[in-house]
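Novice: Okay, here's what each chain looks like letter by letter:
2 protein chains.
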Amino acid sequence: MTVTDLNPNDTKTVGVAILGMGTVGTSVAQLLQENADEFAHRIGGPVEIKGIAVSDLSKTREGIDSNLLTDDARALCTRDDVDVVVEVIGGIDYPRELVLSALKAGKSVVTANKALVAAHADELAEAADEAGVDLYFEAAVAAAIPVVGMLRRSLAGDQIQRISGIVNGTTNFILDAMTSTGASYEDALAEATRLGYAEADPTADVEGHDAASKAAIMASLGFHSRVKFDDVHCEGITNITADDIAAASKAGYTIKLLAICERITDSEGKTAVSARVHPTLIPNSHPLSSVSESYNAIYVDAEAAGSLMFYGNGAGGAPTASAVLGDLVGAARNKVHGGLAPGENTYANYPVADFGEVPTRYHIDMTVNDRTGVLADLAARFSAHGISLRTVRQEEQERHENARLILVTHQAREADLQAIVDELSGLDDVREVNSVIRLDG
Amino acid sequence: MTVTDLNPNDTKTVGVAILGMGTVGTSVAQLLQENADEFAHRIGGPVEIKGIAVSDLSKTREGIDSNLLTDDARALCTRDDVDVVVEVIGGIDYPRELVLSALKAGKSVVTANKALVAAHADELAEAADEAGVDLYFEAAVAAAIPVVGMLRRSLAGDQIQRISGIVNGTTNFILDAMTSTGASYEDALAEATRLGYAEADPTADVEGHDAASKAAIMASLGFHSRVKFDDVHCEGITNITADDIAAASKAGYTIKLLAICERITDSEGKTAVSARVHPTLIPNSHPLSSVSESYNAIYVDAEAAGSLMFYGNGAGGAPTASAVLGDLVGAARNKVHGGLAPGENTYANYPVADFGEVPTRYHIDMTVNDRTGVLADLAARFSAHGISLRTVRQEEQERHENARLILVTHQAREADLQAIVDELSGLDDVREVNSVIRLDG
Numbered sequence: 001m002t003v004t005d006l007n008p009n010d011t012k013t014v015g016v017a018i019l020g021m022g023t024v025g026t027s028v029a030q031l032l033q034e035n036a037d038e039f040a041h042r043i044g045g046p047v048e049i050k051g052i053a054v055s056d057l058s059k060t061r062e063g064i065d066s067n068l069l070t071d072d073a074r075a076l077c078t079r080d081d082v083d084v085v086v087e088v089i090g091g092i093d094y095p096r097e098l099v100l101s102a103l104k105a106g107k108s109v110v111t112a113n114k115a116l117v118a119a120h121a122d123e124l125a126e127a128a129d130e131a132g133v134d135l136y137f138e139a140a141v142a143a144a145i146p147v148v149g150m151l152r153r154s155l156a157g158d159q160i161q162r163i164s165g166i167v168n169g170t171t172n173f174i175l176d177a178m179t180s181t182g183a184s185y186e187d188a189l190a191e192a193t194r195l196g197y198a199e200a201d202p203t204a205d206v207e208g209h210d211a212a213s214k215a216a217i218m219a220s221l222g223f224h225s226r227v228k229f230d231d232v233h234c235e236g237i238t239n240i241t242a243d244d245i246a247a248a249s250k251a252g253y254t255i256k257l258l259a260i261c262e263r264i265t266d267s268e269g270k271t272a273v274s275a276r277v278h279p280t281l282i283p284n285s286h287p288l289s290s291v292s293e294s295y296n297a298i299y300v301d302a303e304a305a306g307s308l309m310f311y312g313n314g315a316g317g318a319p320t321a322s323a324v325l326g327d328l329v330g331a332a333r334n335k336v337h338g339g340l341a342p343g344e345n346t347y348a349n350y351p352v353a354d355f356g357e358v359p360t361r362y363h364i365d366m367t368v369n370d371r372t373g374v375l376a377d378l379a380a381r382f383s384a385h386g387i388s389l390r391t392v393r394q395e396e397q398e399r400h401e402n403a404r405l406i407l408v409t410h411q412a413r414e415a416d417l418q419a420i421v422d423e424l425s426g427l428d429d430v431r432e433v434n435s436v437i438r439l440d441g
Numbered sequence: 001m002t003v004t005d006l007n008p009n010d011t012k013t014v015g016v017a018i019l020g021m022g023t024v025g026t027s028v029a030q031l032l033q034e035n036a037d038e039f040a041h042r043i044g045g046p047v048e049i050k051g052i053a054v055s056d057l058s059k060t061r062e063g064i065d066s067n068l069l070t071d072d073a074r075a076l077c078t079r080d081d082v083d084v085v086v087e088v089i090g091g092i093d094y095p096r097e098l099v100l101s102a103l104k105a106g107k108s109v110v111t112a113n114k115a116l117v118a119a120h121a122d123e124l125a126e127a128a129d130e131a132g133v134d135l136y137f138e139a140a141v142a143a144a145i146p147v148v149g150m151l152r153r154s155l156a157g158d159q160i161q162r163i164s165g166i167v168n169g170t171t172n173f174i175l176d177a178m179t180s181t182g183a184s185y186e187d188a189l190a191e192a193t194r195l196g197y198a199e200a201d202p203t204a205d206v207e208g209h210d211a212a213s214k215a216a217i218m219a220s221l222g223f224h225s226r227v228k229f230d231d232v233h234c235e236g237i238t239n240i241t242a243d244d245i246a247a248a249s250k251a252g253y254t255i256k257l258l259a260i261c262e263r264i265t266d267s268e269g270k271t272a273v274s275a276r277v278h279p280t281l282i283p284n285s286h287p288l289s290s291v292s293e294s295y296n297a298i299y300v301d302a303e304a305a306g307s308l309m310f311y312g313n314g315a316g317g318a319p320t321a322s323a324v325l326g327d328l329v330g331a332a333r334n335k336v337h338g339g340l341a342p343g344e345n346t347y348a349n350y351p352v353a354d355f356g357e358v359p360t361r362y363h364i365d366m367t368v369n370d371r372t373g374v375l376a377d378l379a380a381r382f383s384a385h386g387i388s389l390r391t392v393r394q395e396e397q398e399r400h401e402n403a404r405l406i407l408v409t410h411q412a413r414e415a416d417l418q419a420i421v422d423e424l425s426g427l428d429d430v431r432e433v434n435s436v437i438r439l440d441g
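One line per chain: the protein sequences are D and E, in this order.
Residue numbers for the first sequence follow UniProt numbering, so the first one is 1 and each next one is one higher.
Residue numbers for the second sequence follow UniProt numbering, so the first one is 1 and each next one is one higher.
Each hint should be verified, as a subset may be incorrect.
Same chains, same label: a pair holds when it works inside one copy or across any pair of copies.
[Stated by the list, open to error] Cross-link-like lysine to any residue pairs, in silico, SDA-like; alpha carbons within 20 Å at most:
#1 Lys228 to Glu207
#2 Lys12 to Pro342
#3 Lys104 to Val82
#4 Lys12 to Gly356
#5 Lys59 to Arg162
#6 Lys270 to Asn35
#7 Lys270 to Asp37
#8 Lys50 to Thr203
No lab work stands behind these hints, which were simulated from the structure alone.
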């Protein structure tokens with residue numbers, strides 16, 4: 001029997017359990033019910049919600065049959081009538097336990113949980129492999145922008161060299177607001193909170209942790225290696241000032257919080273994977289520079305494909321539900337027709353590069369004594385560290401004895417760049433290092 | 001046995017036949033050989049080229065074992081040691097015959113042939129379904145930009161509303177050159193030919209036929225219906241003048257050749273699918289407007305995902321090979337592990353909309369007699385056709401008795417817009433209708 005011949009009513013119903021009824025879970029349940037016929041056709045058989053695990057049974061949920069609700073997620077996960085478990089709870093330890101027990105019970109799992117996947121992909125993948133079921137997590141990176149599918153499938157015949165992306169909407173909103181209005185970080189954060197782009201506790205976003213989870217997932221998939229959250233070097237945007245933004249803008253750059261994953265060759269000639277998140281200056285001519293508001297975009301360089309960019313809403317209930325439901329169709333199709341999606345595949349097993357080994361470029365803004373010979377002295381110090389300068393800009397200051405010096409380096413080892421910055425801070429001629437921001441693109 | 005446990009040497013070799021040794025075929029063969037180990041790991045078993053069909057056996061092919069070459073494509077397609085056939089010949093009738101015979105012999109097929117898929121997807125899909133094998137064609141639309149995967153899989157849980165894309169690099173190069181340099185169509189085409197962006201006979205590109213094939217494929221996948229090349233309304237760029245570009249630019253628009261696929265409700269209230277290709281004015285604020293040179297980009301609106309955009313090289317040997325090889329990994333995985341990719345699924349079976357029923361907007365540039373009351377008269381005529389005007393701009397001409405009138409309509413039925421343009425051309429007060437270009441975004 002072939003896919004198009006299937007009469008949805010002839011085949012076994014695919015039973016779905018939804019764990020969690022927040023914005024995403026609610027959206028998933030509603031769309032799955034509203035478009036039940038469409039799903040049946042796309043899967044090749046009917047799909048039905050068998051249960052929804054919630055923490056508060058007393059809360060009314062509009063449009064949801066209350067008989068479906070249960071507060072016993074553990075029991076729901078392994079129930080006989082459930083074939084696919086959708087995990088949209090959030091957190092790490094509790095969903096990890098639930099997802100593992102579901103996989104071990106032979107259920108395929110669709111999760112939107114980036115923190116869970118970034119921390120425990122190895123253990124989850126192993127459980128899925130052993131049980132011969134699918135583990136899908138498209139929604140864990142940039143919601144409906146199909147980053148996972150692109151890395152796992154579309155580029156499966158190519159060699160990915162680099163992935164750089166704006167994968168956190170909150171910080172992009174804040175940086176974009178600072179860029180377009182000249183606002184301070186604090187004011188832009190307050191505005192983001194007021195408009196619902198930032199949570200009451202914005203730490204995970206503004207410190208880059210959310211982006212770091214996504215970087216770990218992208219690096220693992222892109223380089224067929226195991227990169228976990230803890231392997232990602234992570235710097236947030238809390239130190240970015242209105243001055244930094246203004247200086248960047250004047251020089252033709254935009255500051256974005258980038259998640260950068262790349263394959264590098266370290267100083268011993270070995271291949272390693274680098275995954276990092278930090279504020280980054282990118283030229284205004286680069287497509288990522290014009291990604292505004294809370295949008296996300298992922299830029300990929302691959303050997304044969306060249307450069308590709310994917311752009312869209314990277315968060316929100318409906319876009320995340322779109323990704324979850326796309327995965328659900330895949331997992332349910334495999335339950336009906338057989339077959340397995342490409343699973344975790346870390347055959348390349350590249351080590352994670354020491355951050356000091358990563359080649360990068362610095363944009364250094366400092367205030368120096370305005371005396372003859374200062375520039376020559378500083379340039380000699382860069383040279384002694386093996387770092388060459390790409391551009392040097394000197395501006396006179398209000399106080400005539402000071403000069404503002406803005407240096408952009410060529411690419412060099414991160415450790416060497418850090419060393420020169422440390423050295424600069426200790427020099428008598430350097431009054432202040434105003435900002436050090438990495439540069440890309 | 002699970003995917004990650006597989007030792008590539010334990011499993012059966014997946015045999016590959018390549019039909020055609022042009023730019024794409026050569027690139028596919030080279031990358032498949034160079035990265036054989038990577039492919040084995042990703043597929044879960046070794047992959048090997050068993051034969052390559054060429055038309056000229058006497059030609060030397062660097063890096064290719066001449067024992068693999070054959071001029072008997074028909075025999076190669078159905079050989080016992082071949083599991084997957086890669087068709088990169090081009091044309092329609094001959095590859096159709098080869099692909100059908102391969103599918104019927106139980107080989108999965110990967111094709112980059114947009115014309116073949118746009119003309120014969122139904123027949124090919126039926127043959128694939130009957131044999132229980134895969135038919136992949138990611139490379140048929142915009143090379144390595146994963147449009148097919150995105151429509152077939154990533155958005156499988158969503159309802160697509162509209163797809164609009166720049167899917168032909170040649171015409172985008174020409175229009176971009178006209179926009180940035182003020183060149184005439186003829187000069188820009190000559191430049192494109194000189195640089196290798198346009199073929200010696202550019203008809204298929206500049207008349208929009210290539211884009212129309214892609215529109216048919218995207219509309220079929222996006223709306224789960226059968227849309228063929230002949231169903232696509234198609235207008236090329238050969239009538240676009242430097243004046244049109246300049247006028248557009250002045251008004252804040254860019255002219256792009258768009259392939260637009262959408263679900264519409266016709267005047268009888270029935271849902272239908274529209275697929276069309278025509279030069280289109282888009283506001284400079286729209287992300288598609290900044291797609292320059294020969295790049296492609298596809299913009300998708302979906303119910304839950306919102307707006308997504310995919311950008312990259314839409315043509316060329318290596319990017320096309322990337323898409324072919326990604327498909328090959330998928331087809332080979334299924335040969336090793338079982339399972340089938342989502343096939344053609346036209347369950348929704350929407351009819352193709354009559355072009356006259358399609359809602360669109362016109363930008364009309366005309367020279368009229370500069371007498372009192374002309375504008376009022378013309379506005380009344382639009383109103384009589386049920387068309388309201390969004391903007392009206394009047395410019396004085398060198399000859400004072402003439403005025404240049406630039407009108408932008410609100411959305412209306414294509415047939416009504418065509419009717420008013422026909423009527424305008426016949427009026428004494430209208431000296432000339434300089435240009436009529438549809439407007440989007």
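Novice: Hint by hint, note whether the structure agrees.
Specialist: To see whether the hints hold, each was checked on the structure:
1. Lys228 to Glu207: within (17 Å within a copy, 50 Å between copies)
2. Lys12 to Pro342: between (24 Å within a copy, 18 Å between copies)
3. Lys104 to Val82: within (13 Å within a copy, 37 Å between copies)
4. Lys12 to Gly356: This pair counts as neither: shortest intra-copy Cα distance 55 Å, inter-copy 44 Å.
5. Lys59 to Arg162: neither (46 Å within a copy, 37 Å between copies)
6. Lys270 to Asn35: For Lys270 and Asn35, the Cα distance is within 20 Å only across copies (19 Å; inside one copy 51 Å).
7. Lys270 to Asp37: between (53 Å within a copy, 18 Å between copies)
8. Lys50 to Thr203: neither (36 Å within a copy, 56 Å between copies)
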